[in-house]
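Visitor: Build out the structure end to end from the sequences listed, making use of the hints.
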Amino acid sequence: NAGVTQTPKFQVLKTGQSMTLQCAQDMNHEYMSWYRQDPGMGLRLIHYSVGAGITDQGEVPNGYNVSRSTTEDFPLRLLSAAPSQTSVYFCASSYSPGERTDTQYFGPGTRLTVL
Amino acid sequence: ILNVEQSPQSLHVQEGDSTNFTCSFPSSNFYALHWYRWETAKSPKALFVMTLNGDEKKKGRISATLNTKEGYSYLYIKGSQPEDSATYLCAFANTGNQFYFGTGTSLTVIP
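Read top to bottom, the protein sequences are chains P and H. Taken in order, the first sequence gives residues 1 to 115; the numbers are from the numbering used here. Taken in order, the second sequence gives residues 1 to 111; the numbers are from the numbering used here.
Keep in mind that a hint or two might mislead.
Said to hold, decoys possible - Covered by chain P, per the in silico footprint, the following chain H stretches (three or more residues, Cβ under 8 Å):
hint: 1; region: 41-49
hint: 2; region: 77-84
hint: 3; region: 87-100
No lab work stands behind these hints, which were simulated from the structure alone. Computed from a predicted model, the values in this text were never measured in an experiment. Idealized CB from N, CA, C, for every residue including glycine.
Guide: Structure follows, in structure tokens:
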């Protein structure tokens with residue numbers, strides 16, 4: 001099992017550019033989520049999905065889109081990058097969407113800088 | 001937006017010392033409390049999941065307790081070792097489908 005993978009590891013964008021952060025898991029997990037981590041703040045939930053075709057907003061969704069066409073993949077799209085989106089992004093997954101006692105498995109993170 | 005607080009923010013202890021830190025969370029709509037260990041340049045790894053008031057979990061020298069009525073959890077490390085140096089995160093899950101993370105306690109164990 002590769003677990004949760006994220007690409008790219010690092011990315012530099014200019015303001016206004018768009019890009020997609022990729023996240024994939026091979027554990028057949030139903031629940032997938034995206035977090036951002038900023039200095040002095042805890043991990044904050046951006047969007048999450050409880051299964052293919054189902055997504056919902058988290059705490060800080062503005063400026064980000066997601067889709068979940070397959071169980072394995074959960075890409076995060078920045079449509080028009082802004083310097084405020086400079087952050088480290090983590091994707092996480094867990095087995096069951098309704099069971100919040102399931103451990104979340106985190107990817108290695110993507111460090112994004114928007115100039 | 002729910003407030004999950006961890007204290008202290010950082011801690012430096014000598015090798016062999018025992019230490020503990022706190023995670024405070026809302027006591028209403030509680031579902032689960034997760035503890036994670038996060039080493040530098042790696043991703044968070046789960047330590048414990050706790051669901052019942054009075055729960056105690058233990059893994060080696062690390063243990064945790066849970067008080068859902070007053071909204072706190074303690075993480076204890078007995079006989080700290082340099083390899084315990086990491087940031088320890090807690091995450092609160094309520095009756096929704098979301099997790100709310102604290103800012104973490106950064107532990108440095110000095111050999």
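Visitor: Could you run down the list of hints and mark each one as holding or not?
Guide: Here's how the hints hold up against the structure:
Counting residues of the region 41-49 of chain H whose CB lies closer than 8 Å to any CB of chain P gives 6, so the stated coverage by that chain holds, three being the minimum. Counting residues of the region 77-84 of chain H whose CB lies closer than 8 Å to any CB of chain P gives 0, so the stated coverage by that chain is violated, three being the minimum. With 7 residues bearing a CB less than 8 Å from a CB of chain P, the region 87-100 of chain H meets the requirement of three and the coverage assertion stands.
Of the numbered hints given earlier, the model fails hint 2 alone.
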